[in-house]
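Construct all of the structure, not just a fragment, from the sequences and the given hints.
Residue numbers (numbering that gives the first Met the number 0), protein chains in the order written: chain C, 0 to 363; chain A, 0 to 363; chain V, 0 to 363; chain R, 0 to 363.
Hints are not guaranteed to be accurate.
Heads up, the list lumps identical chains together, so a pair's fine if it works in one copy or across two of them.
Under the rule of at most 16 angstroms between Cα atoms (straight-line distance), these lysine to aspartate or glutamate pairs were calculated in the EDC-like manner [said to hold, decoys possible]:
1. Lys142 <-> Glu215
2. Lys74 <-> Glu187
3. Lys272 <-> Asp319
4. Lys272 <-> Asp111
5. Lys272 <-> Asp315
6. Lys142 <-> Glu37
7. Lys74 <-> Asp39
8. Lys74 <-> Asp145
9. Lys74 <-> Asp111
Calculated from the structure, these hints are not laboratory results.
4 protein chains.
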Amino acid sequence: MAANTFGRLLAFTGWGESHGPAIGCVVDGSPPSLALSESDIQPWLDRRRPGTSRFTTQRREPDTVRILSGVFEGKTTGHPISLMIENEDARSKDYVDNAGKYRPGHADYTYDAKYGIRDHRGGGRASARETAVRVAAGAIARKVLDALVPGGVTVRGALVQVGPHAIDRARWDWTAVDENPFWCPDRETAKLWEDYLDGVRKAGSSCGAVIEVVAESVPVGLGEPVYGKLDAELAAAMMSINAVKAVEIGAGFAAVVLSGEDNADEMRMDNGKVLFMSNKAGGILGGISTGQDIVVRFAVKPTSSILTPRRTVTRDGAEDEIVTRGRHDPCVGIRAVPVGEAMLAFVLADQLLRHRAQIGGFGA
Amino acid sequence: MAANTFGRLLAFTGWGESHGPAIGCVVDGSPPSLALSESDIQPWLDRRRPGTSRFTTQRREPDTVRILSGVFEGKTTGHPISLMIENEDARSKDYVDNAGKYRPGHADYTYDAKYGIRDHRGGGRASARETAVRVAAGAIARKVLDALVPGGVTVRGALVQVGPHAIDRARWDWTAVDENPFWCPDRETAKLWEDYLDGVRKAGSSCGAVIEVVAESVPVGLGEPVYGKLDAELAAAMMSINAVKAVEIGAGFAAVVLSGEDNADEMRMDNGKVLFMSNKAGGILGGISTGQDIVVRFAVKPTSSILTPRRTVTRDGAEDEIVTRGRHDPCVGIRAVPVGEAMLAFVLADQLLRHRAQIGGFGA
Amino acid sequence: MAANTFGRLLAFTGWGESHGPAIGCVVDGSPPSLALSESDIQPWLDRRRPGTSRFTTQRREPDTVRILSGVFEGKTTGHPISLMIENEDARSKDYVDNAGKYRPGHADYTYDAKYGIRDHRGGGRASARETAVRVAAGAIARKVLDALVPGGVTVRGALVQVGPHAIDRARWDWTAVDENPFWCPDRETAKLWEDYLDGVRKAGSSCGAVIEVVAESVPVGLGEPVYGKLDAELAAAMMSINAVKAVEIGAGFAAVVLSGEDNADEMRMDNGKVLFMSNKAGGILGGISTGQDIVVRFAVKPTSSILTPRRTVTRDGAEDEIVTRGRHDPCVGIRAVPVGEAMLAFVLADQLLRHRAQIGGFGA
Amino acid sequence: MAANTFGRLLAFTGWGESHGPAIGCVVDGSPPSLALSESDIQPWLDRRRPGTSRFTTQRREPDTVRILSGVFEGKTTGHPISLMIENEDARSKDYVDNAGKYRPGHADYTYDAKYGIRDHRGGGRASARETAVRVAAGAIARKVLDALVPGGVTVRGALVQVGPHAIDRARWDWTAVDENPFWCPDRETAKLWEDYLDGVRKAGSSCGAVIEVVAESVPVGLGEPVYGKLDAELAAAMMSINAVKAVEIGAGFAAVVLSGEDNADEMRMDNGKVLFMSNKAGGILGGISTGQDIVVRFAVKPTSSILTPRRTVTRDGAEDEIVTRGRHDPCVGIRAVPVGEAMLAFVLADQLLRHRAQIGGFGA
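Here is the structure:
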């Protein structure tokens, strides 16, 4: 499988650089006859779109998606769906001064060392701009899930920690998520973040974040032991997002300090269905979905583009200092919420197709 | 790619159940002419082998590996290497009483729900016994790394936390790792764990653990952006190990509370080579190795087999209680150390071959 | 995908050399709960088995297959099925004299040139002995087809030409196929071949053959345009069999001399079902099965092991002559019949699973 | 691997329908730093372009290719190369009358039966228009071959039979190929074809053809036994081209009537290099290139769009007659020559990368 293809049966192949003419992807493997138009994809892109608040990069991209193939008279045909988003507000000249210097924490050095050539404008292929195509592909995955799972699947996410400030989970309210520029489910913490991030932004600094994405109404049985486990693929999906350094499922690292008694979710029956009495497992046992909520958290490191001068080296092997100009997010984790949701939806839809192949479909 | 194949160019296809006649794997894609015999693989299996201390399962398996193909006159031929380990001490009758009950925290329920059939003896395919073949495949990966990277690559691991007790990193000493039954790099903490685990074992309980695996002398440039990133594949590799619930690279979740200034590793020159002044990145930027140590940590949940009765349900939909008999590890994380090392070695070797394909080899 | 794995969702990974301890394969992706035991596989292996008539190699191999995993209480579990066949009658010493000489028409030279190392005993990995595992995997594919297609699918084959002697298709009788040692569907031609092949054998020479394999009752719709077309995968499947040099579907090369009017199969209705009035297409249009018989023919070149001295070169770059000893088939095409059937069955079963994934299942 | 991706390490993912806004592909896996611009691709597209003589479809498409990613300052970056060709002269209304009728010999029926939905305009995804992206991808493959094989690789093709009229191989002259509208290497036969095809065209009929594609200066050693054999992948590559019904390598079907003595290519030494005294093998033994010319032939069936009324059925299950309007090639095989060349180049380049991965590079 090629390096820029994600997924096995439902798969997307991404392409494009931050400052090239466009970015896009080809989504292959969709079932036919799903209603699909740009208006099914655009709202998800709008959520990820830069420039919508002072807490994200001021690059202004309409991120208008175009479907170039695979849809006929408003329905998927079962053939590859080509999606394209043109780049409009790319200011390449911001990058000229630093073209020969490796920005610490960025992929500049490793791209150059590996390929011997690098599109330095805005990070090129390594730019978080690439994640827009994930969100577009994720929108199609949501259509697949809703078409094939009776009752549909809900996939949503939230920001649960910014720098040192975690939310209070007791105040979790999904309706709050769309009311603040952080996708924060805890209104009080959202206010705190606003102040905190204003400080970070004004200092020309940056901070990290933790994102939690959740899938509800997932059928029991998704996942392919032992190397195509649902959690293994989710871990790869999240870790492949720019700046992500950690992933956990359910209790995650916190499970280490639990006893076996406290960690293993007990089961009862509830109207003929299995009922778990807790969800330490995050909805996955043995790499297969349990029917409980799938709960995935991932950590995004602080944005590496900062205004404080940092020591670095140049392409030519000289020592130097660098200040990263360009328009950036003080907390790139904010915009990672819709990306994480999209990846969760995509992995589930891909696993669903594989489940259909080996086992058959769900429901009536 | 099939569900039981791991890797792309260097790949192994695993097979076998805990209580079947044997387990094994087929390793495909190895370069030819590497010296290889059972004695290159057996020592690594012996490290993972059960029954070597009172802190691991008392199942006594010699875990003797046999090479059935792909080696001629002591050298790899470039053709698939079939490895087989016979099961000897499988006590299936331990599992008869509980055959119809779903053990909480185990894959019993999900396997049954997905497949409608389940080899209940010792967990069948979901048993941690499967990880022996990973260790065997990892031994071949080590040979590949050492053959293709001038100077070789060192891959090793340690247990860094058991239950609530983390090591003191200031006391880290790699030579300590082989001196205690926990692969603990901190001699003092190892003593503490001994007492702690004796308590856990006697209580019929269990606890979790954190493993850290490290690869040293990895060449710059391994990793395939953007969906075959080195860290994404490592995340999948570790998360696919039984009972793993979290994975992090470098600073991991701790990066969230750092500032951008503190997190981005600065660079200097050192005798014509790039020198990083810290390693928050864990040796990976933009999905590509930086040449620094690759540092991966993962969390193993508490063993789900415990002696305290737990509420559960049966295959037939009745509520019941269960006490898990059988011979188990009070802290299954201990034996995950060699497994994590093997997976790290395997991902690196596979990425190395892909790097050779696209870019070429590493210097003479 | 690794070089020794065939198939995408239903896949087998083969291993083993002609004169090693055993050969085998791992079949992954089978649906669960199919009844399966060695007795489902052994009869197909017995058909391919060497030493059953004077027209095939005198190597005596019982070719006894053992299932090592993936089956529990007589049913598939959905997990990998490991199959092993031990080699018993390998006479490696037959090959010692020629170890340093490249046998014309064999893979000796190319294997050595590519890998720099070669198991010269009996062709090693390049031996037709490898095809036994294809037949075993094909037996499982037949079970999958019969389980998932209402009414089942019939896959069978015949030898239709030996050297210059083609059958008379007007005399085609499937019941004749099992009555002669050639799988010949034309009793009269079978007699002719007997004389002809006795002559070839006594002359220490060899001849080629054409095999036709047919699948009946295949559902409409199998095949994945445009690079996973059913015919494209069948072409690869047959061409990957040892000594095969040509593959055609339906009218094949003969379609070239037809007019468009004669070649395009017209359609009528028959009791509410589409009826094709001919089958020039060989049951495949646009890479998708039409519901008609799938008809594939392939050509096997004359066995390269012959008793006439031939000019060749040695490993060391010296010119030499060679007479190929060892026990061989004068017409290796004969034993290719069950292999071609197996590959046809396997491709169909794999495509069937992919169809289920994207489109859904067949029938009530 | 998804159905619209071809290749393993060098891979292209195709998209687009005959009458949609555009067609294109994403080429992934290219080595970095290859000089590449549209002018490297356009000439190959121009060779395949429709409307260049009265013997091919009169649809007028400039087939102008645009590179959207993966190239920076004139060189490949190692990241995905997105290619797009806009459709300009699509006359969808030609297809309206027949929208509900299945054209015999076309994929109409099978697409509808499989997907339940079909873009009927010009064949949609099943149109030969798709092959333009193969030619574009093939142009990149040629760059890869020339960059990685010292001295470069020559890939070219010719039409060797039209209907019943085969060329005289004694008159084969590569310089003739570009002098006639048929890519015919035999000037006399080209004249004969001109008359013959005028007759076919005027009669509203069609005929088949045989294409031969040849790769010269291919290094020894390309191919991955046993299921990734070079010939197996070439067979799949050619059979996946629209209307192809047969593929052969070297002597192909003609090998069947040869004796083992005549078929096996003998070897001598020539200035320290192995010299084959004939090339019945078509440059491939055991699935690996021998260093001789790779010779592949494939048969294209007569164009199914003809002016004679043919019996068919409709989507609704009624019997009917059909005359295929639209602009078509009387012998679609003519334009298959550059497509076959492209597929040959692509398979070789992909195998070359896999060879580099497992074995290493070629040359100094």
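**Message:** Of all the hints numbered above, which does this structure not satisfy? Sort the numbers upward.
**Reply:** Violated: hint 2 alone.
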